[in-house]
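Asker: Taken in order, these protein sequences are the chains called F and P. Each residue of the first sequence is one higher than the last, beginning at 1 in the numbering used here. Each residue of the second sequence is one higher than the last, beginning at 1 in the numbering used here.
It is worth saying that the hints were derived from the structure and are not from the lab. The C-beta atom is built at its ideal place from N, Cα and C for all residues, glycine as well. There may be inaccurate statements among the hints.
Claimed, not checked - Stretches of chain P that chain F covers, calculated by requiring three or more beta carbons in the stretch to come under 8 Å of a beta carbon on chain F:
1. 2-12
2. 39-46
3. 65-75
Claimed, not checked - Sample of chain F residues facing chain P (criterion: CB under 8 Å; computed from the structure):
4. Gly151
5. Asn195
6. Gly307
7. Gln308
8. Met475
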Amino acid sequence: MASTPQRYILAPVQGFRASRDNPREMSLFSSLHRLATTSAVGALSSPLGAGIPMRVVDSIGETKPKLIECLPENLAALRASHPSMRILPVVYYQPALAPRARVRRAMAMAAAAAAPAPAPGLSVQVLSGATGSPAAGVTVVAFTDFASRTGAEGTTDAAGRVTLALGGVTAHIERLYIYPPTDPASGHWPALQENVVLNSGDTIQLLAVDLSFQDCVRHFYGADDLALGAGVTVGVVDSGVALNHPDLTVSGGQNTVTGEDPSLFGDNATEGHGTHVAGIIAARGTPPTGIRGVAPGVTLRSYRVFGQGQLNASNYDIAKAVDAAVSDGCMLLNLSLGSAAGSPPDPALESALTDAHNAGVLVFVANGNDGRQPVGYPASDTFSQAVSAMGRAGTFPDGTEPAGSVAAPFGTDPANFIADFSNIGPETDFTGPGVGVISTLPGGYGVMSGTSMATPAEVGAAARVLSADPSILAMAANADRTAAMIAALAAKTTDLGFDPTFEGKGIITP
Amino acid sequence: MARFILRYSGGAAPEEHADLVNAASNVKVLDRSPKMMLVEASEDDAQKLAGQLPGWSLHPEQQYNIPDTRKRIVNDVEPA
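Isolated chain P, as found in the complex (with noise of 0.2 Å):
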């Protein structure tokens, strides 16, 4: 299981395919916004069902971090 975006193109996405989603048996649906879905399944699942939805796009969720400019040590110093 992964989580993955569905995400319209377009404006808000029609209600009858968010109903899609929510009756899908094996995926699960994490959080929701007007445009977009995060859906918890297996790629397989994932796929098909984007693959039922018209106008919906589907990509892996990804993590992204805050750029740091902290100097880090790498090598310890050898014991004397």
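Excised from the complex, chain F in its bound form (with noise of 0.2 Å):
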């Protein structure tokens, strides 16, 4: 798909001029100054190699920033050459006119007519896969029409049974998801059945999780040697990572919720979000009664941001994670959370991340899970490492949900998808595994999609990278070190043939 030139403005890595104390950057920035006095596309120098196409439209002066013009699917060619550059999008101003007031929906009329009848409800038992006995807790969504998300769902009691409004005992159902709930007696694949009738009474059996699955994770990243990622300190910054499973070893971490005790870096008692995120990194375990991550030989940390029993965190907790984990040593950091679609930058977190980047630590970020949405923040921040989620047909068992997140584009190898779910944009600089991934969960294991999953897929498969070279691990803590591993990675991403809004460089490949 052809795209137009989109202009970004090029700031040194810190403040308004670049550092008389950073030769390359000096350089860098004269170059483009010279340029600027010439209107013709230009290629920027690249250590990698291939030069970028782009025009300097201005520049404030020699040492300040530039006004870029360039294609959307090269940023990501742009910072992997470049890293020790700000690129910030040009944000035009409007003025700010009140909203006009628009109806939202005719409240009062509804109010006004009498309320209806209760709708009669069509009651369905699900059961556990594993023992055939009912599933408590398990969320039934079923669709009537999809498109416009109407429907009914509901949660199943004790017996296992729910009873869903949908206005008989009998319904077509469009798309019937299912959801096992991600405590220490899921186990289970969510499931998705389409275009099914419904009838009151039926029963809806759940599919077990096998751990010997072949899922999306470790179709890329089949990790059989527990050294791989050894010497990367890793730092998981989520809901906190259950201390006690067996296929995890937490080495340390720290509680930055205000008010909290910074100990209890352990999970948070909500979904099990940070336990999942840190098995598909750092799981040491072994099929069949186990699991194991794409770099079991990780140092892993737990910096717990979501307060206990919260499904938000506050953007101090987090800037507060990221200086922590900073100074304790680790090399790369997790954040499979973000703001809605297209968020503007949040400074407090702007500030951290680069004090991360200065400090050699490289940080991934969930894109989000918008539906081919603006990438978020802080995943958006120039230097964050954005990533989207991609699928491969064949990687979950039929019926199950993660098949209703098949979509277009494909790969080169057609069997690979960009998740319907993944925000996508310019921003993104690689692509991860993150449709139907098992991993631990406080207590068991469970299945999960998201960008929050094809994150850590990444964040594994870059301390794999780093871990073979031994000069990187070498290096002093600084922003050389950041270029460095950002190069190293690199060099060692394949395009899976999307686009680079899609998938930036591509898929990691230790």
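Dock chain to chain to rebuild the complex, using the hints, since each chain is given by itself in its own frame.
Answerer: Structure, rendered in structure tokens:
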């Protein structure tokens, strides 16, 4: 798909002027300044060899920011070849006009009408695939019209039963999603049935997770050697990591949630998100009784930023976690979190990410799951390694929920696709397997999908690349190390045949 | 009253700056790290305080979520 050149601001790594203490930065900004006097499309010299077509539209001064024009699909290559440079979007401001009032819904008329009689219910029972016993806490979502998201949903009781307000005891369901709970009793694949007739009294049996199954992470990154990733310390900034899971070894960390005990960096008793993320990177189990992560040899640390029982995190707690992880010697950080698609930069986090960059730490961030929407923040930060989610046909069982995420575009290998939920945009640096991923949960195992899962897969792959490069491991923790890490990863990245706005430079292939 | 982040650009923040924040009458310090402070204050008071602290920047506290992929019902089925 052809795109048109867009304008961006190239700024020094810190502040407004290139530093005279950094000869490479000075030389780059001086050459760009000279290019600003010509209108020709030039090619920015790249240590990786390939020139990147771009035009320098304006320069504030020899050592100051430049306004450039280049194709959005070239941004990933530009970031990879010049990691010590900030690439900022050009932001246009509009007059602060008061928004016009709009009718949202005919609430007044609806309120005036008589309350409708309760809809008749359609009761179904969900059974465990492992034991055949009733499965409690399962969320059943039945769409009669998926495009308009019309339907009914509910959660099963102790008898595994749920009653859905579908207007009758029989209903044609376009898509029926069944999400098992993420508690120790889960261990099931989320299910998807399409175009089914559901009758009251029907039973649905979930499929138990087989830890030997080759999911998309194992397809791309199956790891037999427990030493893979050794020498690299990885920080998971998330909801905490279960400290007593037999497949996980957490070497330390910190709970940075304001008002909570800093020593409680274990799982925060919500959905086990951080434990799942950590397992994708570093689980050390062996199938069929355990699971193996992408880089089981890394030193794993947990930085909890979601409060106990909470599903949102403050930018203060996240920035504090990033600072702590940098100070604790992490080389790679995983942030599977973010704001709504296309949110503006957050200066507090921006500052922490810049400090991490300057301290030799590479931060991977999930693009977000808003369905082909712009990349969220902090993934869109110039110093983040933004990760989209891809999937692969044949890496999830028939009748399971990942089938609903298959969507164009497809890669050079048509079995590969970019997940329908993945956010995309020119800020994307990598894509990773994130559709139907088996990993650790507090007290067991489960399946999750998301850019949240694709990000740790790429963090694990990055750890394997860096672990095999003693020169990088020996470097001082500063911006030069970050630049060396980015260059090493770029050299080990494979283009899967998607547009760069979908995959950045591609998938890391250690 | 709202919550604001004070962040120091550089290494560890000077101790005398922390003392200044702690002494401010209309500002409550909720948390502190080597580079940051989380404070509760009116926007005016927070900005006034930040203006007295060289090397510090002031930012509003914001919330972030775990990205979710679960499909959800937006419209209920109309009663028959």
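Asker: Of the numbered hints stated previously, which ones are contradicted by the structure, given in increasing order?
Answerer: As far as the earlier hints go, 2, 5, 6, 7 and 8 are violated by this structure, in ascending order.
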